[in-house]
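Asks: So the sequence lines, in the order shown, correspond to chains Z and S. Counting from 1, one number per residue, gives the positions in the first sequence under this note's numbering. Counting from 1, one number per residue, gives the positions in the second sequence under this note's numbering.
One thing to keep in mind: the hints can contain errors.
[What the hints assert, rightly or not] Over the 10 Å line for every Cβ pair with chain Z, so calculated as not near, a few chain S residues:
1) E105
2) R257
3) L265
[Stated by the list, open to error] Computed beta-carbon distance windows for the label pairs:
4) S:N96 - Z:R41: 54 to 64 Å
5) Z:L10 - S:T122: 54 to 64 Å
6) Z:F143 - S:R267: 55 to 65 Å
[To be verified] In the EDC-like style, the derived pairs of lysine to aspartate or glutamate whose C-alpha atoms are separated by at most 20 Å in a straight line are:
7) S:K80 - Z:E229
8) Z:K333 - S:E147
9) S:K74 - S:D94
It is worth saying that the hints were derived from the structure and are not from the lab. Quick caveat, the model's predicted, so the values are computed rather than measured. By construction, the Cβ of each residue, glycine as well, lies at the ideal position given by its N, Cα and C atoms.
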Amino acid sequence: MNESRRKRRLLLAFIFIGGICFFLFQMSLGTVSIPIDEIIRFFTFRELQTPIYRTILVDIRFPRLFAGFLIGALLSLSGVFFQALLKNPLADPYILGVSSGGAFGTVLSIAAFGSGTVLSRFFGNLPLVSFLFSLLAAFLTYFLAKRGKSVPVVDLILSGVIMNFFFSAATTFVIIYGWRNVSSATFWLLGSLSGARWEQVPPLLFIAGVGLLIGFALSKTLNAISLGEEEAKNVGIEVERVKLFLFITGTLVAAYTITITGIVGFVGLIIPHSARMLVGSDHRKSIPLSVFLGGLFFTGCDTIARSLFQPTEMPLGTITSLIGAPLFAVILKRSRRFR
Amino acid sequence: MNRDRPVERDAVISVDGIHFQYDSHPLFHDLSLTVRESEFLSVIGPNGSGKSTLLKLILGIMKPSKGRIAVFGKDIGKMKRKAISQLVSGVLLDFNPAYSFSVEEIVAIGRTPYAKAFSDFTREDRIAIEEALEKTSLLTLRKKPFEHLSSGERQRVLLAKCLAQKTPILLLDECVAHLDPGHVQQFLEVVRDKNRKEKITVVTVFHDINLASLYSDRIVVVDQGKLSQTGDPVEIVHQRLLENVYRAQATVLTHPRFDVPQVLLNRLDRPQKPAPDLIHNELPKSKIL
Numbered sequence: 001m002n003e004s005r006r007k008r009r010l011l012l013a014f015i016f017i018g019g020i021c022f023f024l025f026q027m028s029l030g031t032v033s034i035p036i037d038e039i040i041r042f043f044t045f046r047e048l049q050t051p052i053y054r055t056i057l058v059d060i061r062f063p064r065l066f067a068g069f070l071i072g073a074l075l076s077l078s079g080v081f082f083q084a085l086l087k088n089p090l091a092d093p094y095i096l097g098v099s100s101g102g103a104f105g106t107v108l109s110i111a112a113f114g115s116g117t118v119l120s121r122f123f124g125n126l127p128l129v130s131f132l133f134s135l136l137a138a139f140l141t142y143f144l145a146k147r148g149k150s151v152p153v154v155d156l157i158l159s160g161v162i163m164n165f166f167f168s169a170a171t172t173f174v175i176i177y178g179w180r181n182v183s184s185a186t187f188w189l190l191g192s193l194s195g196a197r198w199e200q201v202p203p204l205l206f207i208a209g210v211g212l213l214i215g216f217a218l219s220k221t222l223n224a225i226s227l228g229e230e231e232a233k234n235v236g237i238e239v240e241r242v243k244l245f246l247f248i249t250g251t252l253v254a255a256y257t258i259t260i261t262g263i264v265g266f267v268g269l270i271i272p273h274s275a276r277m278l279v280g281s282d283h284r285k286s287i288p289l290s291v292f293l294g295g296l297f298f299t300g301c302d303t304i305a306r307s308l309f310q311p312t313e314m315p316l317g318t319i320t321s322l323i324g325a326p327l328f329a330v331i332l333k334r335s336r337r338f339r
Numbered sequence: 001m002n003r004d005r006p007v008e009r010d011a012v013i014s015v016d017g018i019h020f021q022y023d024s025h026p027l028f029h030d031l032s033l034t035v036r037e038s039e040f041l042s043v044i045g046p047n048g049s050g051k052s053t054l055l056k057l058i059l060g061i062m063k064p065s066k067g068r069i070a071v072f073g074k075d076i077g078k079m080k081r082k083a084i085s086q087l088v089s090g091v092l093l094d095f096n097p098a099y100s101f102s103v104e105e106i107v108a109i110g111r112t113p114y115a116k117a118f119s120d121f122t123r124e125d126r127i128a129i130e131e132a133l134e135k136t137s138l139l140t141l142r143k144k145p146f147e148h149l150s151s152g153e154r155q156r157v158l159l160a161k162c163l164a165q166k167t168p169i170l171l172l173d174e175c176v177a178h179l180d181p182g183h184v185q186q187f188l189e190v191v192r193d194k195n196r197k198e199k200i201t202v203v204t205v206f207h208d209i210n211l212a213s214l215y216s217d218r219i220v221v222v223d224q225g226k227l228s229q230t231g232d233p234v235e236i237v238h239q240r241l242l243e244n245v246y247r248a249q250a251t252v253l254t255h256p257r258f259d260v261p262q263v264l265l266n267r268l269d270r271p272q273k274p275a276p277d278l279i280h281n282e283l284p285k286s287k288i289l
């Protein structure tokens, strides 16, 4: 017994130290590759041999890496919430229509931008419109699924499917009908961190902090809810209230990250699952690891997206999906035996 | 609330004239039941008679459309779920966790009613978990994933979770239905032991009339949305119960070593031999409610 605990500790230490090294290593990669010793010099407050690297690091790499890490962490946390809410280890934050609603909002915003109408004032604000439409889609999903005082999980998933279909079709409609800036819309639909700025980091940090606190506070509740709704009631959980809370926080978080990066699939789905495979399903352990791994996976994929395909950039969602889909397939096959 | 029946002094659960329906299909019509302190009560009745539903109503998982259920004199309809879960715990059917949990992790979830946000398990929590594991002989299996266990072991884990919950009332829903005789005995002995030594009130749904007869202090029969009879096993289990409630032909004998009635089914395609000496004679005093 002690042996396995020691192994687990070792694994966690490895993931943590390895993760930090990996994070630092990513700072050197990009359109301009910066030697590691320059990065070490930067962090030890010494003069850089090539001063321009400082600007690249501070103005371009850092915001992108930090914002990326936080967004990955948040998507992963949101995935944990949705998986507990839907009692499904393979649910993700986009399953209830948040992403397609956001996509529709964005495309609408791009199509309306500069059209000179009064509406363009409002619809020109891309992040706001995408956020509002994400929430709209999620709440339509919720109310479609609501039966009296309770929200059955199967109805929730089904109405999520309906919303996703509807808003995807509406998105295509607007793209074809409005046919302007279609390529920028496509890039957004596939996700990208290229819009990351320093000023996005503090709010992200705040949201991640609050999210993590909620995660810690709810750990035991989430454990109970994973046993099923009746079992959770049996140990004193106000199930419907907790479900609503998870739905709202998970949706807000996912919708907010979408305003910055567009739709980046699979992070919220596979990362919590991988974390559970590593440390077990107790949320007190799996939440911190999910958050950390989510950040690493997100920045890792972004580093691949921005440095391997120069001079262009691969959309981030493409990379996460190309890596995520096969991983998902493996997980799906393996998880059959739990059913 | 109920004018017809006097409220019993030592009642720990009083179900008072409840009505319940699934969608529009009525299940209970004006059902009342009193459970006395530290008794071992069995609920029997044919399939679909609502035995499991009755337990879920007492647990507060479902709500009656009319009537009142009180635990220790307090109306559970007006209690916080957390407060209910400190008084009543239950081993339910269809336990199907979303993730792979270890035995220990599942038993620890029994401590949720006492949990405070952000706090780790207290000393009290750990002692309760440890005792529950020990009582159910699960100490050696504690790190094992739940889904790798046999059904007998799984039922013991669910029992341990309820024991860790430290409630004065324990509800069991057909807990031993699919277990082999060894596991059935082990499970019920643990429950009976808790009942005897710690005065825990047990209400259990049984499919197997013989087990109900062997282990219970009292039996209630639920049939057609009502409690049809109540009494001790000797009063309740007889040939007429099987004929009228279950529509089954059976021979009811007296257990030669414990003096409780035991049921043997008859085959209907063969001629019967005359009744043996041990036949359990129907008692005319059996109460009809």
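Asks: All the hints need checking, so say for each whether the structure fits it.
Replies: Cross-check of the supplied hints:
1. Not every beta carbon of chain Z lies more than 10 Å from that of E105 (chain S), the smallest distance being close to 5 Å; the non-interface claim is violated.
2. The claim that R257 (chain S) lies off the interface holds: its Cβ sits roughly 37 Å from the closest Cβ of chain Z, which is beyond the 10 Å cut-off.
3. Even its closest Cβ contact with chain Z, about 33 Å, leaves L265 (chain S) beyond 10 Å, as expected for a residue assigned away from the interface.
4. Our hint of 54 to 64 Å for N96 (chain S) and R41 (chain Z) holds, since their Cβ atoms are close to 56 Å apart.
5. Distance hint check for L10 (chain Z) and T122 (chain S): the Cβ-Cβ separation is about 29 Å, which falls outside the suggested range of 54 to 64 Å.
6. Separated by about 58 Å at the C-beta atoms, F143 (chain Z) and R267 (chain S) satisfy the suggested range of 55 to 65 Å.
7. Taken as a hint, the K80 (chain S) and E229 (chain Z) pair is honoured in the structure, with Cα atoms around 16 Å apart against an allowance of 20 Å.
8. Simply put, K333 (chain Z) and E147 (chain S) have alpha-carbon atoms about 16 Å apart, close enough for the 20 Å limit, and the pair holds.
9. Between the alpha carbons of K74 (chain S) and D94 (chain S) the distance comes to roughly 29 Å, so the proposed pair goes past 20 Å and is violated.
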